[in-house]
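Visitor: Here's the letter readout for the chains.
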Amino acid sequence: MFALPALTVYVVFLVYPAVSSLWFSFTDWDGLSPAYNVVGLDNYARMLEDPVVLTAGKNNLIWSLVTIVFPVTLGLALALLLNGKVRAKPVLRLVFYAPGVLPLVSIASIWGWLYNPQYGAINSFLSLIGLGDLAQPWLGQDSTALWAVMVPAVWLRTGFPMLLYIAALQSIPAELYEAARVDGASRWRQFWHVTMPSLRSAHYIVLALSLIDSFKVFDMIYAMTYGGPGTATQVMGTWMYANVFQYYQAGYGTAIAVVITLIAIAVGIPYVRSQTRERAT
Amino acid sequence: MTSVTPITTTPAAAPSKTARPSKDTAKDTVRGGLVLTVVTGLVAVFWISPLALLVVTAIRPLPDFIGNGPLSWPSAFTWENFSDAWDIGNFATTYGNSALLLILKVPLGVLISAMLGFALAKLRMKFRRTVMFSVFLGLTIPIYIAIVPVFIMMRTAGATDSVIGLIGPYLAFGIPFEVLVLQSFFRQIPNEIIEAARVDGAGDWRIFWTVVLPLSAPALVTVLILDAVATWNEFLFALILLNSDANKTLPVGLLNFQGQFSNNTTGLAAGILIAVVPILLAYTLLQRWIVAGLTAGATKG
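Taken in sequence, the protein lines are chains F and S. In terms of numbering that gives the first Met the number 0, the first sequence opens at residue 0 and continues consecutively. In terms of numbering that gives the first Met the number 0, the second sequence opens at residue 0 and continues consecutively.
Next up, chain S with everything else stripped away, as it sits in the complex:
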């Protein structure tokens, strides 16, 4: 920022949250805002149009879709695509499996990551930098380097074709990100608080549960949500470790379904919606946390 001279006369910078120049008169601002809103709104409509089109297609009968083309407005409406897709797509099963995985894996992953993060941030630890570096390096490692050995490991242990068998690899590949976020949050907890608890006779374990975790609630919620999204969407491990329909997770089940419904476009659209609408709803409700978590690293450092 070489061309910016130091501020000599600070013109009581308006405490506007957004750092925008505000030379324009109020009226211009309103009009400029409107134009920009319309432009951005159009881009947004374009952006979301694949999903909108999906909805329109899913609620019309197949003959109507084929007869009038994908971009026409439906001449008739039906819910049948959804019930067809639900039955044939095996969604009751795949939803159940994905939910089970979510419930078993995500809290466990966040707990052990928080423990490691606590050790890295606040406890005396041998080879701390080395451990930290090795764990963070996991962020860069593609899953496919691990699939062959993991597959053999699971086959030996008799854990293939089971949602339970996915937990280990999922935990391992979730740990780098979770530890990265959590330990950087834990680091900001003042040492005095921890020392005070220690003086009161609390051990590390109690400090972890009664001081560190409660003070880190926002970070924990964020990591829980982001890890839940990643777990829900994981595809490669699920693809190689699960084979029977009864054990498939949602992404793998959806892939099968896509193959079966390739000629039934309206049914396919309904099936895709069945798979994505709950995620979109959850995302809408939880977006504040998701945004906070994703942007945590962007503004510092």
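So here's chain F without its partners, still in its complex pose:
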């Protein structure tokens, strides 16, 4: 049976763990001792009263919004540029997608260094152009930390939509533009009435994949701020991790993971269904 090896691995290491996390979320297990009690929905009730969950949820929302809107818009703009008369397209494309292949931890290291209040390039650059007053500990204060972590995320995520949009732009028939021009449509109108509608399926894929991806945020926050300062940059993933591995509250931690996973699945189902349907015909 061809399906068996992959399905076995999938069930053992993904489906089964996910389901047993669901079970643990109904217990008060600490993650270490062999014994635990079933506490029903207590962990979920506790989440409602946990101020960090509120912060984390809000941060997840901001994270999703910012790391989708900016990369997608920038990616589309770059794709339009690179689809035009620009030379050296392969090199430019290479440059813009390059951050996307790096380990998130290395991106966190690079930006952690750029943000360094004392030796970082960003504050030095601000002084250099006479805006030294704006220099600040970007990652070290509540007001800027989350934004400072999102900038590298935008940096690394812009390449992917750019590549998808370039591919999609290249498949728009030139005749559509000819026709629009014959009708006297301006560049602007051509963009809104020819380009954008033709990119509809690309938009859908870009947005669906970005949205699915945005719920998985963990590495970058963990490596750059570990949720701090205080709890300013906590997201559900890092707060779950802290509860399980730092506070030994595996039951509560898995409940957090269950909630965000259910949201991710709910959001992802239309995309998954479209993939299943499209291929099955």
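For the record, the hints were derived by calculation from the structure and aren't laboratory data. Yeah, the Cβ is synthetic: ideal placement off N, Cα and C, and Gly gets one too. Hints may contain errors.
According to the in silico footprint, chain S covers these stretches of chain F (three or more CB under 8 Å from chain S) [as the list claims (entries may be wrong)]:
hint : region
1    : 153 to 163
2    : 233 to 247
3    : 262 to 268
Pairwise CB distance ranges (calculated) [unchecked claim]:
hint : chain 1 : residue 1 : chain 2 : residue 2 : range
4    : S       : Thr155    : F       : Pro228    : 35 to 43 Å
5    : S       : Ile192    : F       : Pro33     : 54 to 62 Å
6    : F       : Ala44     : S       : Leu70     : 46 to 54 Å
7    : F       : Asp132    : S       : Gly66     : 22 to 30 Å
8    : F       : Leu125    : S       : Gly40     : 18 to 26 Å
9    : S       : Val198    : F       : Trp22     : 45 to 53 Å
10   : S       : Ser74     : F       : Ala134    : 22 to 30 Å
11   : F       : Trp191    : S       : Asn255    : 49 to 57 Å
12   : F       : Gln135    : S       : Asn255    : 23 to 31 Å
13   : F       : Pro269    : S       : Gly95     : 39 to 47 Å
Following the hints, put chain S in place on chain F, whose structure we already have.
Guide: Okay, now just chain S, sitting in the frame of chain F:
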């Protein structure tokens, strides 16, 4: 596209690959191209400047960096940062571990995903839609829902703190994407070819090896590369399952190194470069395949 009237007089649309209007005269086109190139080039320079800065910092002595600031041009050059970082950062070990993981996991993952993809695309299978839906749903599932049970599973099996123990979870979380891409590629193989092989007496297994896989070489290469990138960069499972320095993979090792070198900026820069330059080189060489794979889904459907 409501405002676009149907083309009545097709003006022999120039078969230009890019669908750009070409009203401008040739000279304007050249000049417009130059301006755009310069603008885009500047954006690209800005985009890559963190990495460029990293290179400049890594090849200068620490006192020079501290004395003159991060944006100054080095007054002296040195390779010492690299040798320091290499030794203290334990890179020989972490590179070895990551490479071992790559060699063991990626081909195996692509093979079993291809087998499942083949079954989904070309074989009669019970509950096909259900299986497909369940596997694709894995794309949406964050790794952190699985870490506690996987950690316990591995501890029970005595497989924590070993690169080998990472293979199972890595395979499982790679399968949804690999199967999605491969089965959609397999689906495009004409059934006649497979029927012909069957008439010649080939069984499913032989058809898989001698017909389906050879015809799918581009998709296989793409999936291999993308899976290699994902495996090389994975962080969360490696973070919780590996504890001793001797067993760490590159991302986890780099995190440790970052902590140790927080005051040695030039050494840190060298260490980061040691970690990323090979990936960037591989990416440069293989970018055609990466782009093809990433954009496979964008133009159809």
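Visitor: Now, for every hint given, state plainly whether the structure supports it.
Guide: Outcome of the hint check:
no.: 1; hint: 153 to 163; verdict: holds (count 4)
no.: 2; hint: 233 to 247; verdict: holds (count 5)
no.: 3; hint: 262 to 268; verdict: holds (count 5)
no.: 4; hint: Thr155(S) - Pro228(F): 35 to 43 Å; verdict: 38 Å, holds
no.: 5; hint: Ile192(S) - Pro33(F): 54 to 62 Å; verdict: 56 Å, holds
no.: 6; hint: Ala44(F) - Leu70(S): 46 to 54 Å; verdict: 53 Å, holds
no.: 7; hint: Asp132(F) - Gly66(S): 22 to 30 Å; verdict: 24 Å, holds
no.: 8; hint: Leu125(F) - Gly40(S): 18 to 26 Å; verdict: 24 Å, holds
no.: 9; hint: Val198(S) - Trp22(F): 45 to 53 Å; verdict: 51 Å, holds
no.: 10; hint: Ser74(S) - Ala134(F): 22 to 30 Å; verdict: 24 Å, holds
no.: 11; hint: Trp191(F) - Asn255(S): 49 to 57 Å; verdict: 51 Å, holds
no.: 12; hint: Gln135(F) - Asn255(S): 23 to 31 Å; verdict: 28 Å, holds
no.: 13; hint: Pro269(F) - Gly95(S): 39 to 47 Å; verdict: 43 Å, holds
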